[in-house]
Each structure stands twice: as structure tokens, then as C-alpha cells.
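Enquirer: Please construct the entire structure, taking both the sequences and the accompanying hints into account.
As you go down the protein sequences, you meet chains A and B in turn. Per numbering that gives the first Met the number 0, residue 0 is the first one in the first sequence, and the count goes up by one each step. Per numbering that gives the first Met the number 0, residue 0 is the first one in the second sequence, and the count goes up by one each step.
It is worth saying that the hints were derived from the structure and are not from the lab. Since we're looking at a predicted model, the values are computed, not measured. Treat the hints with care, as some may be off.
[Claimed, not checked] Below, computed lysine-lysine pairings styled on DSBU-like, alpha-carbon distance capped at 30 angstroms:
# : chain 1 : residue 1 : chain 2 : residue 2
1 : B       : K183      : A       : K18
2 : B       : K127      : B       : K201
3 : A       : K11       : B       : K201
4 : B       : K144      : B       : K43
[Claimed, not checked] Over the 12 angstroms line for every Cβ pair with chain B, so calculated as not near, a few chain A residues:
# : residue
5 : M0
6 : E4
7 : E68
8 : L100
9 : R101
Yeah, the Cβ is synthetic: ideal placement off N, Cα and C, and Gly gets one too.
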Amino acid sequence: MKISEGLKVIEKGWIIKPKGYRVKYQKRINSELITEYSPDLEDKPLDSDVVAWRYAWKLYMATKSDSPEISDGELINIFVVDDSDNPVKYYTTNQLEVFNLREINV
Amino acid sequence: MEDQITKLERIRDIMMLHGIELITAVAVLIIGILVAKWINRVLKRSLSRLTANATVVSIVCNTIFVLMLVAVVLVSAVQAGLQVRPIVRLFVLFSLITVGVIVVFRPFLPSLPFKVGNTVKIGDLLGKIEATTFLNTRLRTFDGKTFFVPNRQILNDIVINYHFSENRRIKINVGVRYDQDLMKAKQVLESIMIEDPRVIAKPAPVVYVLNLTNNCVELGGRCWVDNMKYWVTKCDLLEKTKYRFDNEGIAIAFPQLDVNYYNKSDSLVCTDQNRLQGHGGSFKSTIEEDRMG
Numbered sequence: 000m001k002i003s004e005g006l007k008v009i010e011k012g013w014i015i016k017p018k019g020y021r022v023k024y025q026k027r028i029n030s031e032l033i034t035e036y037s038p039d040l041e042d043k044p045l046d047s048d049v050v051a052w053r054y055a056w057k058l059y060m061a062t063k064s065d066s067p068e069i070s071d072g073e074l075i076n077i078f079v080v081d082d083s084d085n086p087v088k089y090y091t092t093n094q095l096e097v098f099n100l101r102e103i104n105v
Numbered sequence: 000m001e002d003q004i005t006k007l008e009r010i011r012d013i014m015m016l017h018g019i020e021l022i023t024a025v026a027v028l029i030i031g032i033l034v035a036k037w038i039n040r041v042l043k044r045s046l047s048r049l050t051a052n053a054t055v056v057s058i059v060c061n062t063i064f065v066l067m068l069v070a071v072v073l074v075s076a077v078q079a080g081l082q083v084r085p086i087v088r089l090f091v092l093f094s095l096i097t098v099g100v101i102v103v104f105r106p107f108l109p110s111l112p113f114k115v116g117n118t119v120k121i122g123d124l125l126g127k128i129e130a131t132t133f134l135n136t137r138l139r140t141f142d143g144k145t146f147f148v149p150n151r152q153i154l155n156d157i158v159i160n161y162h163f164s165e166n167r168r169i170k171i172n173v174g175v176r177y178d179q180d181l182m183k184a185k186q187v188l189e190s191i192m193i194e195d196p197r198v199i200a201k202p203a204p205v206v207y208v209l210n211l212t213n214n215c216v217e218l219g220g221r222c223w224v225d226n227m228k229y230w231v232t233k234c235d236l237l238e239k240t241k242y243r244f245d246n247e248g249i250a251i252a253f254p255q256l257d258v259n260y261y262n263k264s265d266s267l268v269c270t271d272q273n274r275l276q277g278h279g280g281s282f283k284s285t286i287e288e289d290r291m292g
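Expert: This is the structure we're talking about:
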């Protein structure tokens, strides 16, 4: 195998480079849980998982409530996904993480 | 005295004959210039919203402004009763001479090594170019200060234009303790760079062992990113390196100095902590130097 072919194998098999990141969350609208993304799927995704996780955390801090019920405007199950909608590990812990975890259907 | 009276009478006669035309021409000129300026301002604002390229906006607006001024002058001349054809000929002749001079002498004219909107370093000043004139350049530093730098100083100084090349290399240097798994540290650092979407694939990221210092094995990660994303990517990669090394159990080294004391009666010279712990007669003191040391 030539080196160029070897590099192609490495590129396909090992290097997983997402094209961008989005924050995925759920919110209650008319007693129904709706899943949304930020930025929207039509918009350009964020190019940094660090920025995406910071954004997710800020969304959580801005909308969290102490009540056990999901209040209006509260965002739940907030986490970061890549362009293929796969959950992205939180870079500080290298584990999958969800802010304001309320449901199991994450 | 008589001469002055004659002159005044002549002016009066001219005003009687062409006064209305002249006043109308001046009014057209003033109003035309004001309207052209207003249109230019509105156009500049609208185009700035449409495109981020400040140079294109500036060229388009200035060209339209000059054409509007020419039109205003022509209309004003017609109002004043002048012949349009000679003025148009004069204007065309003047334009051709100007263009010819610029084309011929342009290679000999010193030009500034940047455009509006570029991020540059001129001497000790790092910032974004906001505007350039014949005399000076307006530069805004990233802490919000605006500098007016004389162009002659720029032409005599070393200028780094960060927009000149498309990509830029990031250096991530990390010191790893000698007792750590070096290969694992290299792999982790390389993975961090490879996985980031902003890091370009070719040339591929690499990790070198740069140095074996007194305190650590110095690793050097090198990768290339888009010039526009250099700073944020570098900060993100450094942050991720710290966290990932912590998670993988790789200890980042810090400057330190081990001082070992031993009793003369004890024949065994101890050099590391494990061995010291096994010999009650010896003790060890570790002095951690601060980073300034």
C-alpha cells in the first residue's frame, strides 16, 4: 500500500471531523415537548464545540427553574450535537452530558 | 472713483441680463451636492449591510458619488447658459489624462501593504485597518483604541498582514512530566487537533518532542487553521488540551526543583521519592519554583 493510500485509510477510518455543532434541546409548547436546534438546521452551525457547550450552558442558566414541572420557556435536555445529529462529548469531562436533564428520550 | 462706478454698473447690467440664470445655477449646484452626499451616505449604509467587503463598498460609493457630482456640475452649467459640449470634452480629456498618469506611474508609487478591513501589525500596533487616506491610516486595536498612523511611517516599518496568507499555523506547546506515558500524551494531543473541524487536513496536524528540559518532556503540537479563526481556535485547543490531559490522567509538568538530603552515615543515595520513602534515615524536600522562576 502506498503512503497516499494509507493516509486515505486513516482519513476515512480514524479522523472523525464534524462539519459543525448545534445545541439541541426540548421545550414545552401547548403541553407537548418540541425538539429544536440552535442554530436552526437551515442556518450555519457553530464551528467550535467549546463555543457550542458554552452556549448550551448559558441557555440552561437563562431558562432553568426550580419547579419540578417544566415551565413555559424552560429548555430541557440541552446538549450539543454534530452535523450528523450525534451527541458530542462535553470537552471538559470527555463524557456525554445533558444540561437540565428531565426526560429519558435524549 | 469713476472706474469703480463703471465696474458696478457693468455688474448690474450682467445681473440684469443673466442674474436669474446664475442664481439658479448656484442653487442647482448647492442642492445637487447636498443630494449627492445624502444619496452617497444612504448607499454606503445599505451596501455595508449587504456585503462585508469594505473596499468594494468604498469603490462603488465613491464612483457613484463622482458621477453624481459630474452630473450636477453639467446641469448647473446648462442652467448658467454655458455650452455643454466643451465642458464634456474638457471633463473627458481630464479623466483620460488622470487615468493615463495613474496607469503609467502606478508601479513607481509606493503602496500600502494592506486593504481596509485587514488585520495587521505595524510596529507594536496590532489591529484592524479602518480607513486609509493619502496621509495616514486609521487603525483600531482590539482593545478599542483608534490610532492614526502616518503612511510614511508605515512604509518605513515592518508590517505583518495576517490576511495575506490564507492559513496560519498554531503552536500548542505542552510540558509533560518525565514519569508520564509519552506516547499516550502525543496521541491525545494529536487527536485534539485532528478532531477539531477548524483544523485543516492538509498539512496534517503533527506532534513533535521538542525538548527534554530539566522539568519536563516538551511536546509541540502543530496544525494549520484559517487565518480568520486563528486566535479562537488556538484558545479552544489549549483549553481542550488541559481538560483532555486531565481526563486521560496525563500530568502536565510545571517548573520544579527536587532537593535531596541524606545522612552521611547512610551510604545509600536516594534520588526519587519511592526510594526515599523506604529509608527512614533520609528525607526529601521539594521546592516548587513559581513560573516566574
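Enquirer: All the hints need checking, so say for each whether the structure fits it.
Expert: Structure-based check of each hint:
1. Among the hinted pairs, B:K183 with A:K18 is consistent with the structure: their alpha-carbon atoms are about 26 angstroms apart, no more than 30 angstroms.
2. Between B:K127 and B:K201 the alpha-carbon distance is near 28 angstroms, which keeps this suggested pair within the 30 angstroms criterion.
3. For the proposed pair A:K11 and B:K201, the alpha carbon gap of about 14 angstroms is at most 30 angstroms, so the pair holds.
4. For the given pair, B:K144 sits about 24 angstroms from B:K43 by alpha-carbon distance, which is consistent with the 30 angstroms threshold.
5. Listed as a non-interface residue, A:M0 keeps its Cβ farther than 12 angstroms from every Cβ of chain B; the least gap is roughly 17 angstroms.
6. With a closest Cβ-Cβ approach of about 15 angstroms to chain B, A:E4 is found to remain outside the 12 angstroms limit, as its non-interface label requires.
7. The non-interface label for A:E68 is consistent with chain B: the shortest C-beta to C-beta separation is roughly 34 angstroms, beyond 12 angstroms.
8. Distance check for A:L100 against chain B: the nearest CB is about 21 angstroms away, which clears 12 angstroms, and the non-interface claim stands.
9. The claim that A:R101 lies off the interface holds: its Cβ sits roughly 26 angstroms from the closest Cβ of chain B, which is beyond the 12 angstroms cut-off.
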